[in-house]
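Number of protein chains: 2
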Amino acid sequence: MKKHNYSAGPCILPQEVFEKSAQSILDFNNSGLSILEISHRSKDFVAVMEEARALVLELLGLEGKGYQALFLSGGASLEFLMVPYNLMKVDGKAAYLDTGTWANSAIKEAKHFGETVVVASSKPENYNHIPKEYSIPTDASYFHCTSNNTIFGTQMKSFPTTNVPLVCDMSSDIFSRVLDFSKFDLIYAGAQKNMGPAGTTLVVIKEEILGKTGRTIPNMLDYQQHIAKESMYNTPPVFPIYASLLTLQWLKNLGGIAAIEKINEAKANLLYTEIDRNPLFKGTAAKEDRSNMNATFLLENEAHQEKFDAMWKAAGISGLAGHRSVGGYRASMYNALPIESVQVLVDVMQELEKNI
Amino acid sequence: MKKHNYSAGPCILPQEVFEKSAQSILDFNNSGLSILEISHRSKDFVAVMEEARALVLELLGLEGKGYQALFLSGGASLEFLMVPYNLMKVDGKAAYLDTGTWANSAIKEAKHFGETVVVASSKPENYNHIPKEYSIPTDASYFHCTSNNTIFGTQMKSFPTTNVPLVCDMSSDIFSRVLDFSKFDLIYAGAQKNMGPAGTTLVVIKEEILGKTGRTIPNMLDYQQHIAKESMYNTPPVFPIYASLLTLQWLKNLGGIAAIEKINEAKANLLYTEIDRNPLFKGTAAKEDRSNMNATFLLENEAHQEKFDAMWKAAGISGLAGHRSVGGYRASMYNALPIESVQVLVDVMQELEKNI
Chain D
1 MKKHNYSAGP CILPQEVFEK SAQSILDFNN SGLSILEISH RSKDFVAVME EARALVLELL
61 GLEGKGYQAL FLSGGASLEF LMVPYNLMKV DGKAAYLDTG TWANSAIKEA KHFGETVVVA
121 SSKPENYNHI PKEYSIPTDA SYFHCTSNNT IFGTQMKSFP TTNVPLVCDM SSDIFSRVLD
181 FSKFDLIYAG AQKNMGPAGT TLVVIKEEIL GKTGRTIPNM LDYQQHIAKE SMYNTPPVFP
241 IYASLLTLQW LKNLGGIAAI EKINEAKANL LYTEIDRNPL FKGTAAKEDR SNMNATFLLE
301 NEAHQEKFDA MWKAAGISGL AGHRSVGGYR ASMYNALPIE SVQVLVDVMQ ELEKNI
Chain F
1 MKKHNYSAGP CILPQEVFEK SAQSILDFNN SGLSILEISH RSKDFVAVME EARALVLELL
61 GLEGKGYQAL FLSGGASLEF LMVPYNLMKV DGKAAYLDTG TWANSAIKEA KHFGETVVVA
121 SSKPENYNHI PKEYSIPTDA SYFHCTSNNT IFGTQMKSFP TTNVPLVCDM SSDIFSRVLD
181 FSKFDLIYAG AQKNMGPAGT TLVVIKEEIL GKTGRTIPNM LDYQQHIAKE SMYNTPPVFP
241 IYASLLTLQW LKNLGGIAAI EKINEAKANL LYTEIDRNPL FKGTAAKEDR SNMNATFLLE
301 NEAHQEKFDA MWKAAGISGL AGHRSVGGYR ASMYNALPIE SVQVLVDVMQ ELEKNI
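As they're listed, the protein sequences go chains D and F.
Going by the UniProt record's numbering, the first sequence opens with residue 1, and the numbers climb by one from there.
Going by the UniProt record's numbering, the second sequence opens with residue 1, and the numbers climb by one from there.
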């Protein structure tokens, strides 16, 4: 039975990515070798890396604007410390917007490197909205924000104009909507939502912001080293990068970010309309900050939980349970989730209403 | 045509690992979902992680001896700095044995954290042997060595007895030979030789050595955090870990490390015997330190290079070119390389002799 995969990440990827990557494990590029056994220095893999790095900049509209794309490892969690290591001046400070669990983890790691100013936090309201009134210290080394909060179902709809470098963790909504990406000086994202399987991390950096901290940085954590080695400072995670390239190619063929944005808006509208209409449900995030990637909602009456859970499971839906910090349900509608899967969920919600 | 894959890493893995992992990308455990789209918190993947961690300790004979196995990311290169971060006391020192390029990289990263004493180095002889006469400062926080030097074709056949924690980078020969692994306090290894595809790093730690430095450590670089979170501090590289589990299962079914050691010795004997016998070739590493994983050798007369290269390529051999630091040839004979592939190379070497 076809599954409707609402997993919050790692998450659904295009079916053609599964098929092509499985084939490449049996025989990559008709080489007689598996993608899992080739050297990362082989001509075929160097071509994968180069195409993936170039395609990222093309899709984001950042070609020829002084940016470099890197495929690293360690997850966004390693970027939580690489960002301050590479950008926070010795005896300097950095500004952070606290919009959820991951923003909080980034703040904790930054504290190892210097003063960390939290300009605003929605923690007292269990992160149900994005703070909008705050000022960023002009002497901060950078301002850091999280564009989408997977756990709490909120998403930044606009970004502040800053006179300090703008750094953004876009792990859970990169490549999902049109933004002026040139506003950002550093973007990072774990692959495992819209870009590919778990195991690689995209970092997009405006090169001119680097090398200004006065710190000595271990090579492996130094963005300038990774740039100098063309994202091959050490053996990269070959297969996750290859599967990410396949996913980026799928996105390009679909029409790029502008095309997927329309689809994502249609999916989110379909589900949020039902959440607002159906008296059995209520959303948890402030309406103006609702995420188009992760819709979080509760049953008005918890007594219906057993019945609802049985119904969506019977419909082939998986991964709908909410995070323990919020409870209820979380429908993650990443790029590769078809609108048909959203319709199945909406149908189940309406069916529940009829059967109560 | 079947390839004989001598790649130095990433490298050949068992054919059944390719087949099972390709299948898991199309449908994992008959779940209707791909291994690439399931949550790392799903029951099925938690079981993968637990089995992989337990199987590592079982294969190394370290069960119940106070060790923890972790599957991290970032490659051995990230361990170059995690080791001093976690083990080098504030204002302390660490002792290193310099046996090649990777040992040297580890030393460079350690210098960021404190005094780094190089107890011996074979660099003046282009790392063609393993230094044996040296003393380890008794006040060092640990002693670090590299068990096998992929580039230079040398391998430590014995390890010093130390009164400080013994740390070893076993990236290129772990699971290839029987050792008393309980002599070691920390072992790390990039997966991409004998354990799996590129993208994860095994760390095996005697837990009692941790937490003694007086340093504060960013969470993501703190072994104690990773242990507390059962190797799931953040989203792990799901697929590389799954493919590593399949490779470890293959090794266990074969009879474990003792069984593969016999096969590896037979392969190495076959090739080194031919290198020593055939007047056209000479080995580059000191005989007593020769690696059973990577055999490095030269043509006595470089004029034969074109002919030899054409012959081994025609025989389906790939990945035989030596590293630029040594030149000539490097035959990497990791666990999954069948002895039949070594025989094909020996046949080509003998064929060349007849045709000169």
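To be clear, the hints were calculated from the coordinates, so they are not data collected in a lab.
Idealized CB from N, CA, C, for every residue including glycine.
Keep in mind that the hints are not guaranteed to be accurate.
[Stated by the list, open to error] Derived BS3-like pairs: lysine-lysine, alpha-carbon spacing no greater than 27 Å straight-line:
#1 Lys3(D) / Lys43(F)
#2 Lys111(D) / Lys183(F)
#3 Lys3(F) / Lys43(D)
#4 Lys108(F) / Lys212(D)
#5 Lys212(F) / Lys252(F)
[Claimed, not checked] A few chain D residues that don't get close to chain F, going by computed Cβ distances all over 12 Å:
#6 Pro10
#7 Lys20
#8 Glu51
#9 Lys65
#10 Glu109
#11 Met311
Comparing the hints with the structure gives:
no., hint, in the structure
1, Lys3(D) / Lys43(F), "holds, 17 Å"
2, Lys111(D) / Lys183(F), "violated, 37 Å"
3, Lys3(F) / Lys43(D), "holds, 17 Å"
4, Lys108(F) / Lys212(D), "holds, 22 Å"
5, Lys212(F) / Lys252(F), "violated, 35 Å"
6, Pro10, "violated, 6 Å"
7, Lys20, "violated, 10 Å"
8, Glu51, "holds, 18 Å"
9, Lys65, "holds, 29 Å"
10, Glu109, "violated, 5 Å"
11, Met311, "holds, 18 Å"
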